[in-house]
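The whole structure should be built from the sequences, with the hints applied where relevant.
Protein chains in written order, with the numbering used here: chain A, 1 to 561; chain B, 1 to 561.
It is possible that part of the hints are untrue.
Unchecked claim - Derived lysine-lysine pairs resembling DSSO-like cross-links, with alpha carbons at most 30 Å apart:
hint: 1; chain 1: A; residue 1: Lys492; chain 2: B; residue 2: Lys520
hint: 2; chain 1: A; residue 1: Lys510; chain 2: B; residue 2: Lys492
hint: 3; chain 1: B; residue 1: Lys492; chain 2: A; residue 2: Lys520
hint: 4; chain 1: B; residue 1: Lys510; chain 2: A; residue 2: Lys492
hint: 5; chain 1: A; residue 1: Lys79; chain 2: A; residue 2: Lys258
hint: 6; chain 1: A; residue 1: Lys258; chain 2: B; residue 2: Lys388
hint: 7; chain 1: A; residue 1: Lys386; chain 2: B; residue 2: Lys520
hint: 8; chain 1: A; residue 1: Lys523; chain 2: B; residue 2: Lys386
hint: 9; chain 1: B; residue 1: Lys258; chain 2: A; residue 2: Lys388
hint: 10; chain 1: B; residue 1: Lys388; chain 2: A; residue 2: Lys520
hint: 11; chain 1: B; residue 1: Lys258; chain 2: A; residue 2: Lys520
hint: 12; chain 1: B; residue 1: Lys386; chain 2: A; residue 2: Lys510
hint: 13; chain 1: A; residue 1: Lys258; chain 2: B; residue 2: Lys386
In short, the hints are calculated from the structure, not lab data.
2 protein chains.
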Amino acid sequence: MRFEIQKTDLAARIGRMQTGHGTVETPAYVPVIHPAKQTIPASRIKEMGFDIVITNAYITRNTYGHDEAVRRGIHDIIKYDGAIMTDSGGYQVLEYGKVGVTPPEMAEFERGIRTDFAIPLDKPTGFGMGRDAAESYVRDTLRVSREALRAAEGAGGGDSGQTWIGPIQGGEHRDLVARSTKSLVRMGFEMLALGSPVEFMESYEYRLLAEMIATAKSNMPHGIPLHLFGAGHPLTIPLAVALGCDTFDSASYILYAKHGRYMTEDGTRTLDEIEYFPCCCAVCSRYEPDELRLMPQEQRVNNIAVHNLYAIKLEVDRTKQAITEGRLWEYVMKKSRAHPRLYEAVTHLMAPSSSSLSSASAPSSATSAPPPDIIGMFRAGTPQYKQKAAFLYGAEDQHRPEVAAYHDIVRKFRTRKSIVAITPESHTKPGYMSREYRELYKRSRESDDVQFCQYSPILGIIPIEISDVYPAAHHEQARVRVDPAACTEFAKTWDAFFGNNGFAEVWYDKGDAFLGHFAKRLKDVKKRSLKRTVAAAARRTGAAPQYNRPSKIKKKEKERL
Amino acid sequence: MRFEIQKTDLAARIGRMQTGHGTVETPAYVPVIHPAKQTIPASRIKEMGFDIVITNAYITRNTYGHDEAVRRGIHDIIKYDGAIMTDSGGYQVLEYGKVGVTPPEMAEFERGIRTDFAIPLDKPTGFGMGRDAAESYVRDTLRVSREALRAAEGAGGGDSGQTWIGPIQGGEHRDLVARSTKSLVRMGFEMLALGSPVEFMESYEYRLLAEMIATAKSNMPHGIPLHLFGAGHPLTIPLAVALGCDTFDSASYILYAKHGRYMTEDGTRTLDEIEYFPCCCAVCSRYEPDELRLMPQEQRVNNIAVHNLYAIKLEVDRTKQAITEGRLWEYVMKKSRAHPRLYEAVTHLMAPSSSSLSSASAPSSATSAPPPDIIGMFRAGTPQYKQKAAFLYGAEDQHRPEVAAYHDIVRKFRTRKSIVAITPESHTKPGYMSREYRELYKRSRESDDVQFCQYSPILGIIPIEISDVYPAAHHEQARVRVDPAACTEFAKTWDAFFGNNGFAEVWYDKGDAFLGHFAKRLKDVKKRSLKRTVAAAARRTGAAPQYNRPSKIKKKEKERL
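See the structure below:
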């Protein structure tokens, strides 16, 4: 199977999988199709824009029998001409304990029905399983996976156009997830799937879910796609995609519908709670909520299910559009406001130092394996330069990749000047084009020895010479009070900037409480009021600089980035 | 015209206006229909669910002539059988300076064409007009409005089923807006309209726009509906509705479409920027972005315009659903993350003390009139009890009405107990049902003299006896670090709680940095480690309390709320 990555943002990517039944663009939602009791025809689902579906090989075998199923093939059975993934019944193991078919038999059957993506008969660990049991489930799953892959290779393997997907298990035991992932990669799987997020989501354990995804991702090569089992809710799709999931299946669109549960971008509502459809899909534009409530059961369920499919597709498309615009960070942050537990997960993952979970009630992971470096993953996938301005709101944005990259540049900035003048950033960007800077430059006659800087609480110190580097040149910062104590990246850059350069004086507005907070950290630097100093300089028109240059000024090599 | 208010949240309301052409549910978007060059038939717009439109009486008169227009009536001219509002050409004054028709002539014409809602020929002040000019425009508008209303009353008035709308002008000059509003109410207008937000929005001056709306609202009776001229973008609709706007018109759906501008919930994009439609409306489900780009000009413009109408309607419906759920605060806060300038406006308006605008670059209003009490307006409109849990994220939520109401209760709470024990709030709510509380109660043998409290950084101190009052009993708080310095409401409640009660001791976890920040404010209260104190008490099983009760304990009347 060929998988090409076309665009990236954070750890998300837009890619294309070439299959025996067409190209599938990722990230893609993979609707679950029931091989016998499907009420929304798979062909209708294809028309809605879903180019890949998943169905259950175990139920197919039980319903049609081995021979008929193999004779017809899965595409004929579910009447769908796009790409098909088959689950082998692992979830049935989780639900009912045993399935009455051996792993090699299932593998042979999945080959026989000519599915595009086959999954070995895994044993899902779910959430909340003890470590010993989980470890034995992982071991069994790995063994079965190896056998399935060997058998497939013996039977023609890659040539048949069929892709085997390696199932990662381990649940909240991060070390097991890591081991699982590495083993499957070594075995040669071209695609992996991460098991059992459903229980995490039902317990609102979004943070553990995210750490599980990140653990798997950080142990597999970039070029291999990752499927996420059973995670198709609009609420969590942007985060899962941001963490690098390429496909994700779920039957929730129809299961929810059966209980009158209507998906919205911010969570699920019962149909009874809906006065106004917060949606403009074909169903919601055609009917009023009351009309839907009064429909016969089957018609109502199908209509809600179709709406749910639209809601999921919309979320995937919005997320893809955000990747294209380079605004996935903004989108995930905004989305996190849909539920406090999601907000707390996103805050912890995307802004670890500034707003970590309150100690009182933070859930802890079940293993002592170190948490995955999510910020590092995000930096690796984010372009250095973007077309659109970065939107900055508060301290939670200091770790976003473009901002972190700019901090790194400034932390290596060197100048031989002995005075630094720091002013709030100008609305005009880059700062050196601004009226504020030009006037300040003109009025401060000793400008030869003054390093001019602007600052943003989030982006940090912006030396005027590099105010044209992205995102310094191209961002929009909300003008709200930011807690200086939360600006840990600003503090690090401040210390590096003053540590690397031998400034004898710093000029700034003494009424600026934010800068005042950091100026306290400076011991050997004279703090002067920018306004008074510049006014005095302006009065001495043409006079030579009259500053005492303390001998302790270190004369470093001028090294400008 | 009858206007009935059915549900409220913040200053928003869901209402019904009875007109001569059907019932209009508010908040309602009022699409602008061109009386001669409309490319999307008004009947199609009605089918989409818009029960009221606005058209221009001035252009109608110029196009069809007075006599033909009066003979046919406006409903026949634009082929629309719902409620029609007619603008009189005031915007043309703003754009072109003069219109060649006198105000009484226009008033007579608007009556003649039998519009449902008529607007006198006002002089819009727009944004950025000097005070003197604005004042004279306001004066002229008031005079014309008085004449129009008198003439209407002379001609049959209320009996004709026609409603005259009083146009409020004044722009960013808040005192003029206030004066304008009061005068129109005194004249007897049953509905008011607030002028010229377009220029505010084009300058991203969302904060001044919001203050202008709030100024008008705080000077008019609750029962009169308010129309907002020219403000129909999904980005600002939730905020405008939250501030109490009932209807709002705009032609942007078609004007934007002519320039290939596609509306999204987060702002406008050019069609060229769209790779994936972030929408599932009839247009966006039917075509791919490339298909739309390749269409002939007229067809493309109409399709984008229809999409834009869907996008606006969706935003209105989402906002109405949020009102129904009692989650409008959450929705406006989330929405504000769509653009830093919107965020900054919402932060300033809805959380004034904790995160006010940074002083460096805050825009200031043009007048010294005091800013309207928006928080007070929100409190007046918000139900005391809600079905759904309040979602709390951070310090920005401390001013939301339900939270502020709880702070008020606790600030009046009295107890005669001399010890207060404060613990973080339990997940189980109300707190007195929690395992944490029951264990603490059991272990601390001197419980007769201990006032047990839980706390949330946002909701404040929660005395266990009133932990079942909404929203203490029914909220979901994100477990993230909250800056204690930003929790100004917590500080006020803390001071009142300790000031009103004569506690000699406070027991809390000494490792709790949040409580530690506030414990520093206590001078005459002994601070003890909750854990050690309770452990010691537990060891003295059955022993009588052994605390020294300082004589300074004030014995107040037990007054529990």
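Discussion item. Of the numbered hints stated earlier in the document, which are not met by this structure?
Written reply: The structure conflicts with hints 7, 8, 10, 11 and 12, although it agrees with all the remaining ones.
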